[in-house]
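**Student:** Here are the chains, one letter per residue:
Number of protein chains: 2
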Amino acid sequence: MTIEELIAAARNGSTRAAGRLLSLVESPRRTEVLTALGRHVARVIGITGPPGAGKSTTIAVLVAAYRERGLRVAVLAVDPSSPYSGGALLGDRIRMAAHINDADVLIRSVATRGHLGGLAEAVPAAINVLAALSYDVVIIETVGVGQSEIEIAAVADPTVVVLNPGAGDAIQAAKAGLLEVADIVAINKADRDGADQTVRDLHAETDAPILKIVASRGEGIVELVDAIDAHHRADTPERRAARARSQILSLALSAVRTRPDLDALATAVADGEVDVYTAAASLFTSANVNENPLSTLQ
Amino acid sequence: MTIEELIAAARNGSTRAAGRLLSLVESPRRTEVLTALGRHVARVIGITGPPGAGKSTTIAVLVAAYRERGLRVAVLAVDPSSPYSGGALLGDRIRMAAHINDADVLIRSVATRGHLGGLAEAVPAAINVLAALSYDVVIIETVGVGQSEIEIAAVADPTVVVLNPGAGDAIQAAKAGLLEVADIVAINKADRDGADQTVRDLHAETDAPILKIVASRGEGIVELVDAIDAHHRADTPERRAARARSQILSLALSAVRTRPDLDALATAVADGEVDVYTAAASLFTSANVNENPLSTLQ
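These protein sequence lines map, in sequence, to chains A and B.
Just so we're aligned: the first sequence equals residues 1 to 298 in the UniProt record's numbering.
Just so we're aligned: the second sequence equals residues 1 to 298 in the UniProt record's numbering.
These are calculated hints, taken from the structure and not from any lab test.
Watch out, some of these pointers could steer you wrong.
Stated by the list, open to error - Computed beta-carbon distance windows for the label pairs:
hint	chain 1	residue 1	chain 2	residue 2	range
1	B	Val222	A	Asp271	14 to 22 Å
2	B	Pro260	A	Ile3	32 to 40 Å
3	B	Gln197	A	Gln197	16 to 24 Å
4	A	Thr285	B	Gln197	52 to 60 Å
5	A	Thr31	B	Met1	31 to 39 Å
6	A	Arg16	B	Asp207	21 to 29 Å
7	A	Ala242	B	Val41	34 to 42 Å
It should be emphasised that the depicted structure is a prediction, and the values quoted were computed from it without experimental measurement.
Heads up, the beta-carbon is just placed ideally off N, CA and C, and yes, glycines get one too.
Work out the full structure, taking the sequences as your base and the hints as a guide.
**Tutor:** Next up, the structure:
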């Protein structure tokens, strides 16, 4: 199938064609696909938090809430250790089972395959594909233990951090830098002991609104959806430009991190053969680049 | 004075000439000074931690320990909010008073003047100047609340994180990413309650050796110096290359962050006029650069 045929099939409801397009924008054919699609915009919501906090359950009830409004929803689960090659459907996620047969819900794993910066490269293009296929809302789930969240925060509006009551999650979230990127904090399983104390502790660490939810029973979800809406409505050109700036920097850093000559430069600096300023500058001189270090991105 | 005259004066013991050279390598004349000096190597020790942890006290006793061995010591205090223009002597630091009149100890504040990435640019050159002026050991103090530590960790071997007993410092250190860059953790004021508990808590978070010290009484300093020596002796070509790689990436990121066209690109992306991949790629095309975005660094 040509790219135009894939787009037509995906727009006619073929999830297989949609999946193929999403794989293509992670390949050297990205520009070709994006050009054929044109530019499209969707609402992007980031959901992050430590393992076990209940992100998938929270997402499942959020999906239901948006479906009740008649919106089409795509879920991208970013899993650096995903065993799926290129991102298979997450049919094994019990919590999502209710949505598996809903044609207006697409659930997909984005495997970053261990590439540093892979996420920064893959996600903006995937969002454009999903928006072009008339998904109104794109929910991005990250595992919340590394760099991914900062990159997702540059794309998402808002970023929701899901934590459980107790000091453990709060410390882990602080350590991973989650509190700095949080636009909204949701304390899930808030019927457990210590939820109020956790809310108080977190108020000392972040200015973001902090909500208590029990996702498995749907408690607090109306308020969470309202908080997400309120944050989105409050978006400004300045905030959009700040997010775009972060995305550009993430991509640029990703481009230099994946430069084939970086290890040789590092060794030369370590051995005293070249100073670090000259080495860094050489990353920007075309003599060392096949025209453009970001050429693989375009 | 010419640069050659400044170098001669500094080598003859003029701290004023040394200070002038350190200022010059933060200016567009950096390359000129570095070329005149040639390449020199010093041992670099990073000291970081939350405000109030006792970093200056710890450094004062470390300086005394190295002086007893006959080594010349320079201290660079990185203070992003420093009121000193270009970095004055820190004569007001009471703890350092003992060393103020020691000709073999140089104490200087590096003001990064709010430039993003300023530290990544300023510090390697400053270390080269100090090494050329026969300082054997360079101790770099950072405030331990931001990005500075990651950049210093790329230069220092080892990075020592100073904390106090109690959960507060541990959480703050985790939040700032200090535990990830720590080669050695020193629990200062370890005569206070809770020191052993803090050691246990931190062992769960880091593999780095954890020492208890009371810097104000000199307790545990012999062990700290031994741990610093042991870490330094265990250095390998691979570790040196990894640090060089981090320095190169920091400089490259700093170069794109300070690009004059970055804000305009971000606005264009936010307004949908250009996609983020094209915007990032344009940072690497010479058409948008006056030859080289790192030209100000050279």
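**Student:** Each hint: holds or not?
**Tutor:** Okay, the hints, checked on the actual structure:
1. B/Val222 - A/Asp271: 14 to 22 Å: This hint is violated: roughly 33 Å between Cβ atoms.
2. B/Pro260 - A/Ile3: 32 to 40 Å: At 37 Å between Cβs, range holds.
3. B/Gln197 - A/Gln197: 16 to 24 Å: 19 Å, holds
4. A/Thr285 - B/Gln197: 52 to 60 Å: Check passed, 53 Å falls within 52 to 60 Å.
5. A/Thr31 - B/Met1: 31 to 39 Å: Violated - the Cβ-Cβ distance for A/Thr31 and B/Met1, about 55 Å, lies outside 31 to 39 Å.
6. A/Arg16 - B/Asp207: 21 to 29 Å: 46 Å, violated
7. A/Ala242 - B/Val41: 34 to 42 Å: 40 Å, holds
Checked against the numbered hints given earlier, the structure breaks hints 1, 5 and 6 and satisfies all the rest.
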